[in-house]
Every structure is written in structure tokens, then in C-alpha cells.
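Trainee: Once you have looked at the hints, place chain B on chain A.
First to last, the sequence lines map onto chains A and B.
Numbers 9 to 252, taken from this note's numbering, label the letters of the first sequence in order.
Numbers 84 to 430, taken from this note's numbering, label the letters of the second sequence in order.
By construction, these hints were calculated from the structure, which means they are not laboratory data.
Any given hint could be a false lead.
[What the hints assert, rightly or not] DSS-like cross-link-like pairs, simulated, lysine-lysine; straight-line CA separation at most 25 angstroms:
id, chain 1, residue 1, chain 2, residue 2
1, A, 208, A, 100
2, A, 100, A, 140
3, B, 244, A, 208
4, A, 208, B, 234
5, B, 88, B, 234
6, A, 125, A, 208
[What the hints assert, rightly or not] Computed from the model, here is a short list of chain B residues facing chain A with C-beta under 8 angstroms:
id, residue
7, 142
8, 143
9, 223
10, 227
11, 231
12, 323
13, 343
14, 355
15, 356
16, 375
17, 378
18, 381
Predicted model, so just to flag it, every value in this text is computed and none were measured.
Where a beta carbon is used, it is the ideal one built from N, C-alpha and C, also for glycine.
These are the residues of each chain, in order.
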Amino acid sequence: MSVRYLSCGDTAFSVEFGNEISPQINGQVMALHAAISQAKAEGGLSGLVETVPSMRALMVCYDPLSTTRRELEPQIDALIARGLATDAASRKVRIPCCYDDPDFAPDLAEVAERTRKTPEQVITAHLGSPFKVYVLGFMPGLAYIAGLEPSLYLPRRAQPRVRLPRSTVAIAMDMTTIYPFESPGGWHLIGRTPLWMFDKRREQPVFLAPGDSLTFERISRAEYDAIAQKVEAGTLDWSELIEP
Amino acid sequence: MSALKVVRAGLFDTLQDLGRIGYMALGMPTAGAMDRIGLTLANALAGNPANTAGLEIGVMGPDLLIEAESARVALVGPLSPSLIEGDGASPKPIESDRSHLLKRGQVLRVGMVEGSSTAYLAVAGGFDIPPFMGSLSTYARAGIGGFEGRKLAAGDVLPLKRGSAPAGDERKLGGPFDYGNGPIRVIWGPQDDYFSEAGRQTFVSSEYKVSKEADRMGIRFEGPTIEHSKGADIISDGIGPGAVQVPGAGLPIVLLGDRQTVGGYSKIATVASVDLPRLGRLRPGRTVRFRAITVEEAESLRREQETRLQRAIAGFQPARPAGGIDLTRLYEENLIDGIVYEREAVR
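Chain A extracted, bound-state conformation (with noise of 0.2 angstroms):
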């Protein structure tokens, strides 16, 4: 496999595994983000101190003043040339998503109507979708989800929304994401869950991590609005939501 290693400054370095977005290319960046991990916790790569998958690439952040770049290259390349593992067990996480609020899907019709489908078709392609988490950031806790089913791809609105609620689930190009806070955006809503994608009360305030593989499930309004308001008062048990 070949890597190209990119400066970042004297603080970081990327590796870059390619120059697509893929389910294969992504799926090394997260076995070299995991295989750093562990290196890391068995008391190796010193003088590294967190990195950041992206698409198809991982970005390395090391400490100057406790090693190099020099030193640090032929570690990665060692782990590299071990061998990683991309078939890393991945959570799956289930998300609740009410799309049948007119309120929560301003733009279901449109996409429906722009996909030469009915609404009901677009909620079931959304709902069979293979989702993975490709990435996250833009903002915390905000999840690139790739694996969007192909005939739902539209680009991106022309005119981006100013404010958009917490927890719309929205859609653009390849993926789908669900907005951590209320926000500009300029993809199209079709749904909202009640999850809390970013809860600072919680211990790990961050819900979902790269590589997480995902699946909607649609709940009606009331069921929206039960599990809504024990997101509200911190009761919810987020585990349910997670197969290991």
C-alpha cells in the first residue's frame, strides 16, 4: 500500500491513502487511526498525541519538543507495513427519525420530486441505506455519513439556510449528516431525530465516532416526542442505541 505523507507544519503530518472518497480508502485511514490507538496505549509512538481521520486521510499531531517528524514517519510506515485491519468491528448505532412532521422535512417533497420519487420512497431509501461515519468536524460532534443510497444524490442547496434546528437530519451529494446544533446548513432536511448528537452533561459528550455504521428508524411524532423529552432530562439510555 502507498501512503503519501503530507507536512502539516512541526506539529502534524497527514497520510494520505488516496485521493477518493471510497469505502475501501476510508476504511485504512480508520485501521491506521485504530492501529495508532493501540500502538499508543501499549506505550509506544511517544511524542504522538492524537489524530484525525478524515475522507482519505489521517492527520498525525505529534509534540516538537518530544519528537520528530523523522522519528515518528518510519514508526507509521512500520505499522502500515504490519498490515491493517479494515474489517475493524465497527458500533452499529440505530437513530430514531420521525420524517412524517412537515415541520422536521421542509424539503422532503422537493427531494422526492427532484429523485423522481414520492416522499414515502425517499424515507424507505434513506431508511435502507448502508451509513457509515466517515468523519467528523465542521463542528463538534457533526457526522459526514457516506453510504447514502445512490438515486437520493442531489448537490447541495443553492441557497443555504441560515438557521437550521438541532438534530434535523439532512441530506447532499453522497451522505446524510444530523446537525449537532442549531446552524446554518445548506443541505435538504427530510427528518429529526431526537437525539442529541452533541450533550455536554454526558460523560463522552460526543455521540457518534468515525466509523460508526449506522441505520435510521422511523418513529411517529409521539414516539419523536417521548424519547424527546427523556434526551431532554439526561434519562435517556444511549446504550440501547449501540450494538458493540
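Mentor: Just chain B now, with coordinates in the frame of chain A:
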């Protein structure tokens, strides 16, 4: 409870330590001090470990009421004279770049940051606020860290770990720390190959001015546009501290502590860590030039800077001038005590 109470807020004062490390994979920006040297010196003067959270003062400092038996504070950075006001006593100017012993009821009026800089206030023992994801650094965009995840406002009460200042003399910097001058040093990459040779030359041969869009997230520069050869858009990847991203319009943006963790614009170069504190002190209107060096040079410059920083800390001097009278100290310890005791006697 011992505390510092904000009686008047500055413009944008936040608690910052050396950053929230280890959570970028979850999309969490590191935040942290814009000028780690200033924070480290302030902490050292206050007797704290370098990673203790202090108050980062951007333009204008706050007025802080001491609600503790006593507190040792250290101010670092070029501030217009800060003042200590006691009960009834007329305000006394105090110096920056040293520690001060303050007593209950006194108000520290932190001055304006002069020129292009960022100032820090550290308190001996630090603030008694639980860290969020391992850090007290404020990331205001998501409302996390620091004091309630935001800049300080009048009425805020910042709890202190210590009820009184530890024993010991006040100390001061031996001289101003040399942040260096000349061009800001950068290392090419990660996407210098997305730019034409002419574009790269433009970047390292032109003068760039800090625009009004400069904050804890980054600095947008004005100047000659930088020519791309493969376009401005990349498949999003990680953004390191000091990354110089160049969107389609061709003007560079240097990304700092509150930057997003990944982004989709090509990054022509990355500022060497040795010069990040200089960037953290730049104000709108200032101009800079950039000069390319190698990773090895950058690493070695950073280690050399760290050695100088440790030497500066080892070289702190007693704040009392040799053989002379330290008026500030006299004021702090004797005059004010005298007033306080007198008042207590009257009671």
C-alpha cells in the same frame, strides 16, 4: 468561597489553558491560548504549572474584585497601566510582566492591551472550575469549557482554588520575551501542489495585511491573490494549527486555536509552531510576510524557543529592585494593610 468577581467585563476575555487535546477526531477544536508563551510566563510568575487556565485578554481587560483573603495574580503582556483600587484609597498603577499580591476587597482594573498583543492574567492555584473534556479552554462557538462556555460578563464570579496567596515574594520577568521578528515562518504543505509556482511565489514574496476578520478561529489576510493550479477544493482533511488555507478567492486564512478540525479548502502551507504565538498577537491592520523553512528547521527553532522560555522562567527576578524600595509592594503589603487594620480597629 474564594473568587474573583467580574465587576466590569472587558471586550472578549475567556479562560484558556494550553488546549483541549485528544478530541479532534470527534470534531472538537483544541481552542487554547492564542499566545502560549504569554500564558506560560503568567502561570510561572504566579507559581502555576504551564497548563493552568488563565484569563486571555484580547483588547481591553476586565475589572476584578478580590473575594478571597488574598490572591497572587500575574499579568503578562503590554497593558496600559492596570490599577489596584482599595477601600477608599486612590487607585494605584501596577506594572505588567510581574506578580502582585492582592487583598480582599481590592479591585484590579486591568488596562487596555497596547499595540498588537494578547495579555494574560494568571492566579496562583488557578480557578476552581471543573474541566470539560480535560481542559478549561473556552470554545465559545459551542458554549463549552472555561466559565459557562463563554466570554466573561459583569457579575460573573470565578471561583478560586486557593483561599489565600501562597507564601513567597513577588517576581517579575527579567526582560521582555523575544518573540522574534521578520517574516512569519511557514512550512509548505499539505496541499502546496494545488498551487501554481507563481502562486507559491506570490505567497512568500508579498506583504499581507491582517483584515478585520481576525479572531480566535483564524486570521483572514488581505493582499495579492494566490493562484491555484488544481483548484481550491479538496476532499476535506485534517487542519493543523497554523494551517494557511486559500479558498477560491485566493486570499490566505491562517487557522488558529478555535479552527474547525477538518476542512475542504487547499492549504498552501502551515505556520511553524515557533511563530504561532506571534500570530496570536496580531491585530487588524498589521502587515506580515511569510518565509518558507523546512520541517526540521521548524522543529529545531521550536526547541530553541522552548529553551529560551525555560531560561526566562529560571531568570525571574524579585519584583523589588535591588537596594531600592518597591513602591508597589509597599503599597500592597503595608499601606493597604494599614488601612484595613485601621478600619477593623474602628469597628
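Trainee: Are the hints correct? Go through all of them and say.
Mentor: Structure-based check of each hint:
no., hint, result
1, 208/A with 100/A, "23 angstroms, holds"
2, 100/A with 140/A, "9 angstroms, holds"
3, 244/B with 208/A, "23 angstroms, holds"
4, 208/A with 234/B, "18 angstroms, holds"
5, 88/B with 234/B, "14 angstroms, holds"
6, 125/A with 208/A, "39 angstroms, violated"
7, 142, "26 angstroms, violated"
8, 143, "29 angstroms, violated"
9, 223, "12 angstroms, violated"
10, 227, "6 angstroms, holds"
11, 231, "11 angstroms, violated"
12, 323, "4 angstroms, holds"
13, 343, "5 angstroms, holds"
14, 355, "6 angstroms, holds"
15, 356, "5 angstroms, holds"
16, 375, "11 angstroms, violated"
17, 378, "5 angstroms, holds"
18, 381, "4 angstroms, holds"
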